[in-house]
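S.K.: Sequential numbering from 208 applies to the sequence shown in our numbering.
I should point out that these hints are in silico values taken from the structure, not numbers from a laboratory. There may be inaccurate statements among the hints.
[Unchecked claim] Simulated DEER-style distance windows between Cβ atoms: (1) 334 with 277: 21 to 27 Å; (2) 343 with 257: 16 to 22 Å; (3) 222 with 281: 16 to 22 Å; (4) 261 with 339: 37 to 43 Å; (5) 347 with 327: 39 to 45 Å; (6) 301 with 330: 15 to 21 Å; (7) 281 with 248: 32 to 38 Å; (8) 286 with 350: 16 to 22 Å; (9) 257 with 306: 21 to 27 Å; (10) 223 with 347: 31 to 37 Å; (11) 339 with 248: 32 to 38 Å; (12) 249 with 269: 35 to 41 Å.
We put the beta carbon where it would ideally sit given N, CA and C, even for glycine.
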Amino acid sequence: MAPVDLESQASGAADAVRVAFLGDSLTAGFGLLAQQSFPAVIQEMFEAESYRVEAVNGGMSGDTTAGGLRRAEQLLDGSTRVLVIALGGNDALRGLTVQQTHDNLAQIIEMALAKNVGVLLCGMEGPTNLGEDYRTAFRQVYFN
């Protein structure tokens, strides 16, 4: 995959880099104004540094990795250069198996890489009420 050239973005020599965010309520900005959502804040930070970035908010409240897998294709059109995946918290809250979460995330990542889209996977921590074994295994999905 070719690296994203942010230096040409700062000089204005290229179109905005499209960064799609696939996530749950934290990404969607549930309870916040649209400009306060995670993707909007990231876009604002890039713009403050004179980079041209178009942040696409693909967050959906309550979404799981399975839902993200079903929706990922629509965010991976030809102009998307980076996919930020912020999913899994609802999987853990619903007690889904760690293997399901892993497999869904792996498929989303493979789909993005096959389209030459860079991927940033945001790590999640499992809740304490499902036990330390679950928490440890869940953490390893993101941090191994």
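S.K.: Taking 16 to 22 Å as the hint, is the beta-carbon distance of residue 286 and residue 350 inside that range?
M.R.: For residue 286 and residue 350 the Cβ distance comes to about 31 Å; the hint is violated.
S.K.: Assuming the hint says 21 to 27 Å, is it satisfied by the Cβ distance from residue 334 to residue 277 or not?
M.R.: At roughly 24 Å between Cβ atoms, residue 277 and residue 334 fall inside 21 to 27 Å, so the hint holds.
S.K.: Has the hinted range 37 to 43 Å been met by the Cβ atoms of residue 261 and residue 339?
M.R.: holds (41 Å)
S.K.: Do the beta carbons of residue 339 and residue 248 sit within 32 to 38 Å of each other?
M.R.: holds (33 Å)
S.K.: Taking the CB of residue 281 and the CB of residue 248, does the distance hold inside 32 to 38 Å?
M.R.: The hinted range 32 to 38 Å is violated for residue 281 and residue 248, with Cβ atoms some 23 Å apart.
S.K.: Between residue 343 and residue 257, does the C-beta distance stay in 16 to 22 Å?
M.R.: The hint (16 to 22 Å, Cβ to Cβ) is violated, given that residue 343 and residue 257 are roughly 42 Å apart.
S.K.: Look at the Cβ atoms of residue 223 and residue 347 and judge whether their distance stays inside 31 to 37 Å.
M.R.: holds (36 Å)
S.K.: For residue 301 and residue 330, compare the CB-CB distance with the range 15 to 21 Å and indicate the outcome.
M.R.: With Cβ atoms ~18 Å apart, the hint holds.
S.K.: For residue 347 and residue 327, compare the CB-CB distance with the range 39 to 45 Å and indicate the outcome.
M.R.: violated (18 Å)
S.K.: Taking 21 to 27 Å as the stated bounds, is the beta-carbon spacing between residue 257 and residue 306 within them?
M.R.: violated (44 Å)
S.K.: Is the hinted range of 35 to 41 Å satisfied by the C-beta distance from residue 249 to residue 269?
M.R.: At 22 Å between Cβs, range violated.
S.K.: Quick check: does the Cβ-Cβ distance between residue 222 and residue 281 fall within 16 to 22 Å?
M.R.: holds (20 Å)
The structure fails to meet hints 2, 5, 7, 8, 9 and 12 from the earlier list, while all remaining hints are met.
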